[in-house]
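Colleague: Protein chains in written order, with numbering that gives the first Met the number 0: chain A, 0 to 285; chain B, 0 to 221.
It is worth saying that the hints were derived from the structure and are not from the lab. Glycine is no exception: its CB is placed at the ideal position from the N, C-alpha and C atoms. One thing to keep in mind: the hints can contain errors.
[Claimed, not checked] Calculated from the model, a selection of chain B residues having no Cβ within reach of chain A, i.e. all distances over 12 Å:
#: 1; residue: Ile15
#: 2; residue: Ser42
#: 3; residue: Asn49
#: 4; residue: Gln58
#: 5; residue: Lys68
#: 6; residue: Gln88
#: 7; residue: Leu91
#: 8; residue: Glu95
#: 9; residue: Leu100
#: 10; residue: Arg110
#: 11; residue: Phe121
#: 12; residue: Thr154
#: 13; residue: Thr155
#: 14; residue: Thr158
[Unchecked claim] For each label pair, taking beta carbons as the anchor points, the in silico distance ranges come out as:
#: 15; chain 1: A; residue 1: Asp64; chain 2: B; residue 2: Glu170; range: 25 to 31 Å
#: 16; chain 1: B; residue 1: Ala200; chain 2: A; residue 2: Ala92; range: 46 to 52 Å
#: 17; chain 1: A; residue 1: Ser85; chain 2: B; residue 2: Ala200; range: 34 to 40 Å
#: 18; chain 1: A; residue 1: Asp64; chain 2: B; residue 2: Asn221; range: 50 to 56 Å
#: 19; chain 1: B; residue 1: Ser99; chain 2: A; residue 2: Ile101; range: 50 to 56 Å
#: 20; chain 1: B; residue 1: Glu130; chain 2: A; residue 2: Lys53; range: 22 to 28 Å
#: 21; chain 1: A; residue 1: Ser85; chain 2: B; residue 2: Val104; range: 27 to 33 Å
#: 22; chain 1: B; residue 1: Asn60; chain 2: A; residue 2: Gly72; range: 29 to 35 Å
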Amino acid sequence: MSRNNTLSQSSRTSMTGSYGRQLRLRNMLEEISTVEDDASNNLECMDQTSRVVKEAKNLRKEGNDDERVRHPGESYLDSRVLRAASDVTVRCAEAVSGNINIYDKHELARHIATNPDFWHFPFPLEIPVAAHVFGSFAPVAQRPTRVRRQVERQQAAQLKEPEKVDKLEKSEEGSQMVNRVNRFIVKTYKQRQQPLSYFHTVLDPDSFSKSVENIYHVSFLVRDGLISVTLDDEYGLPFITPLSATPEQVDLSDEKQFIVSIDMQRWQDLISAFDIRKPMMVLKNK
Amino acid sequence: MSQRRGNRSTNTEPDISELEEAIKECVHYIICREGSKIPIKRSEIIKHLNTTHETPTSQVNKVIIEANKILKRVYGYKLVQVDSKSGMQYILVLTEESESLPSSVTDAHHRKILVAALMHIFMSGAPVKEEEMWKFLEEAGLLEENDHAGRKLLTTTFTRQMYLQFTKEGEGDLARNIFQWGQRANEEVPKNFLLGKMAEAFGKTPDHWCEQFKEANEEREN
Numbered sequence: 000m001s002r003n004n005t006l007s008q009s010s011r012t013s014m015t016g017s018y019g020r021q022l023r024l025r026n027m028l029e030e031i032s033t034v035e036d037d038a039s040n041n042l043e044c045m046d047q048t049s050r051v052v053k054e055a056k057n058l059r060k061e062g063n064d065d066e067r068v069r070h071p072g073e074s075y076l077d078s079r080v081l082r083a084a085s086d087v088t089v090r091c092a093e094a095v096s097g098n099i100n101i102y103d104k105h106e107l108a109r110h111i112a113t114n115p116d117f118w119h120f121p122f123p124l125e126i127p128v129a130a131h132v133f134g135s136f137a138p139v140a141q142r143p144t145r146v147r148r149q150v151e152r153q154q155a156a157q158l159k160e161p162e163k164v165d166k167l168e169k170s171e172e173g174s175q176m177v178n179r180v181n182r183f184i185v186k187t188y189k190q191r192q193q194p195l196s197y198f199h200t201v202l203d204p205d206s207f208s209k210s211v212e213n214i215y216h217v218s219f220l221v222r223d224g225l226i227s228v229t230l231d232d233e234y235g236l237p238f239i240t241p242l243s244a245t246p247e248q249v250d251l252s253d254e255k256q257f258i259v260s261i262d263m264q265r266w267q268d269l270i271s272a273f274d275i276r277k278p279m280m281v282l283k284n285k
Numbered sequence: 000m001s002q003r004r005g006n007r008s009t010n011t012e013p014d015i016s017e018l019e020e021a022i023k024e025c026v027h028y029i030i031c032r033e034g035s036k037i038p039i040k041r042s043e044i045i046k047h048l049n050t051t052h053e054t055p056t057s058q059v060n061k062v063i064i065e066a067n068k069i070l071k072r073v074y075g076y077k078l079v080q081v082d083s084k085s086g087m088q089y090i091l092v093l094t095e096e097s098e099s100l101p102s103s104v105t106d107a108h109h110r111k112i113l114v115a116a117l118m119h120i121f122m123s124g125a126p127v128k129e130e131e132m133w134k135f136l137e138e139a140g141l142l143e144e145n146d147h148a149g150r151k152l153l154t155t156t157f158t159r160q161m162y163l164q165f166t167k168e169g170e171g172d173l174a175r176n177i178f179q180w181g182q183r184a185n186e187e188v189p190k191n192f193l194l195g196k197m198a199e200a201f202g203k204t205p206d207h208w209c210e211q212f213k214e215a216n217e218e219r220e221n
C-alpha cells in the first residue's frame, strides 16, 4: 500500500509536459513488472494492475495529440504499459477459474522447511533406478569427463595506457619557448639598438618547420603585447620592436592585426630574397 | 518399419530368434541408460546395437518393439516416446503405480527440491516464473539465496531429465523464464498422488483444493 501512495503522490506533483509523463509511465512499467512478485495473491495482483492501467489512462488525458506527435516515446511507453498489463492479466486468468485457488505457497514452503523428510519420496510410476543389476553390472560407459588441460596462460601484459598528458606541463613548455624567443628578441634589440627584421628573425633557412614554429611563437608575443611588429617606412617591411611598456599602457584602439601565411614556396622565395644563410634566432633546446 | 519385402510375415519367426541376443542387449542397454533419467535417443540405441551385435539399422525397430515387450513382462516397465527436436527419444516408466523404496542412488536433497518444485507448479495451477520458484525454494529451506549452482539443478538437470520444462515466455523486456511440468513428470507423477501428499501434510481431504482436485480427477479419467 505504501507503494500505492508514493505513486499517486508522484502523479500529483507538478511534473508536467511529455518528459514528466514519460517518467511516470516508466514508473508504472516498473511497477507492473514486479506486481506479480509483490502481490500475495491473484486478487491483489489484479487490483494493482487495474489501478496502474487506470492511472495510465488518466495520464493520457493530460497530454494532447499534438504533444504526442512530437514525443512518440510517450505513446510507445503507454503501449508498453498496456502490453505488460495485458500479460499480467493473461497469467492471472490462467491461474483463476470459477473457483478460487486457495493454495497458499507460503504455507507449503513452511511445511517443507519444517518437515523436509516428508517431501522425499519416489514417484508412483517412476522406475527404481537400477544401480546394480546383477551385482556389479557395469553401466554403459558414461562418457569419460574429459579432463581439461590446464592451459598455461601467459600473464597478461601490463595494461598499456596512454601516457597521461599533462596539459599544464605542455603549455608551460610552449610558454617557455615563447619566453625564450622574447628574451632573444630583447637581447638582440639591446645589442643592435635597432628593430629586428621580422623575416630575418623568424626564417630558418635549414628548416621550414622551425620557421613556422618561430612565426607561431612570435605571434604569441605580439598578442601578449610584449613586442610589436611594424612596417618600416623606408622598405615597407615588417620589423620587430620589443615593447617595454606594461600591457595596461598599450592603447588597444591603436592595435592592428595581421595574418602571416607561409608555405614551402614562399619560405624558399623569402630566404633567397633576403639572402638568409643561417638562422638568426638560435634557441637552445633543453 | 520400412519392410519392403512381401515375405515379411513368413520371415518373422526366424528373424526374432536371430535377433534374440540383440533384443537382450537392447533391454540391458535401456535399463542401464535409464539410470541417468536422461531420455534415451533412438540413434544411441541403433549405434549401440550396431557395434555390439552388428544389428542392421533396418532391424532396430523390431528389436526395440520386442525389447519393450520383455521390459513390460519381466520388469513392468514401458518405453514412452517423448517429444524432442533431435530425433526420437524414449523414457522408461512403470506400467502401473507402485510403492517403490526410495532409490539409493538418488540424492535425497535433490529429490526434495524436485518434489517441492513439481508440487509448487501443480498447486499454483499455472506456470511458475523463475524468480518466484527461487523464492519459494528459498522459503522452503531447500535452496540458498543466489545459489546458482543449485539453480542449475532445476534449469539443467531436471530439465534434461524432462521432469521440468524451463522456457522463455514473452519478448524483450517483458520476457521471463517459466517452469512447467516436463513430460517425465506427467508420466511418472499422478496428480492425485501429489494432492494426497498435500492432504496428508495439512490434515485435509484432497477436495479441499477443489481446483487441483478437479484437475487430478480429469487426469485420472483420461
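Colleague: Confirm or reject each hint.
Modeller: Here is how each hint holds up against the structure:
Its beta-carbon lying about 23 Å from the closest one in chain A, B/Ile15 satisfies the requirement of being farther than 12 Å from that chain. Every beta carbon of chain A lies more than 12 Å from that of B/Ser42, the smallest distance being close to 15 Å; the non-interface claim holds. The claim that B/Asn49 lies off the interface holds: its Cβ sits roughly 14 Å from the closest Cβ of chain A, which is beyond the 12 Å cut-off. Non-interface status of B/Gln58 relative to chain A is upheld: no Cβ of that chain comes within 12 Å, the nearest being about 20 Å off.
Listed as a non-interface residue, B/Lys68 keeps its Cβ farther than 12 Å from every Cβ of chain A; the least gap is roughly 16 Å. For B/Gln88, the shortest C-beta to C-beta distance to chain A comes to about 16 Å, beyond the 12 Å cut-off, and the non-interface label holds. Not every CB of chain A lies more than 12 Å from the CB of B/Leu91, the least distance being 6 Å, so the non-interface label is violated. A Cβ of chain A approaches the Cβ of B/Glu95 within 12 Å, the least distance being about 8 Å, so the stated non-interface status is violated.
Under the 12 Å C-beta cut-off, the non-interface status given to B/Leu100 relative to chain A is violated; the minimum distance is some 7 Å. Non-interface call for B/Arg110 relative to chain A: violated, since the shortest CB-CB distance, roughly 5 Å, does not exceed 12 Å. The non-interface label for B/Phe121 is inconsistent with chain A: the shortest C-beta to C-beta separation is roughly 9 Å, within 12 Å. The Cβ of B/Thr154 sits about 19 Å from the closest Cβ of chain A, beyond the 12 Å cut-off, so the non-interface label holds.
With a least CB separation of 16 Å from chain A, B/Thr155 remains clear of the 12 Å interface cut-off, as annotated. Distance check on B/Thr158: its Cβ is at least 17 Å (rounded) from any Cβ of chain A, clearing the 12 Å threshold; non-interface status holds. Take A/Asp64 and B/Glu170: their Cβ atoms lie about 28 Å apart, and the range 25 to 31 Å holds. The hint said 46 to 52 Å for the Cβ distance between B/Ala200 and A/Ala92, and at roughly 29 Å that hint is violated.
The beta-carbon spacing between A/Ser85 and B/Ala200, approximately 36 Å, falls within the hinted interval of 34 to 40 Å. Distance hint check: the CB atoms of A/Asp64 and B/Asn221 are about 54 Å apart, consistent with the given range 50 to 56 Å. Taking 50 to 56 Å as the suggested C-beta distance range, the pair B/Ser99 and A/Ile101 does not conform, at roughly 32 Å. The hint said 22 to 28 Å for the Cβ distance between B/Glu130 and A/Lys53, and at roughly 26 Å that hint holds.
At roughly 47 Å, the beta carbons of A/Ser85 and B/Val104 sit outside the given window of 27 to 33 Å. Distance hint check: the CB atoms of B/Asn60 and A/Gly72 are about 60 Å apart, inconsistent with the given range 29 to 35 Å.
Hint violations for this structure: numbers 7, 8, 9, 10, 11, 16, 19, 21 and 22, all remaining hints satisfied.
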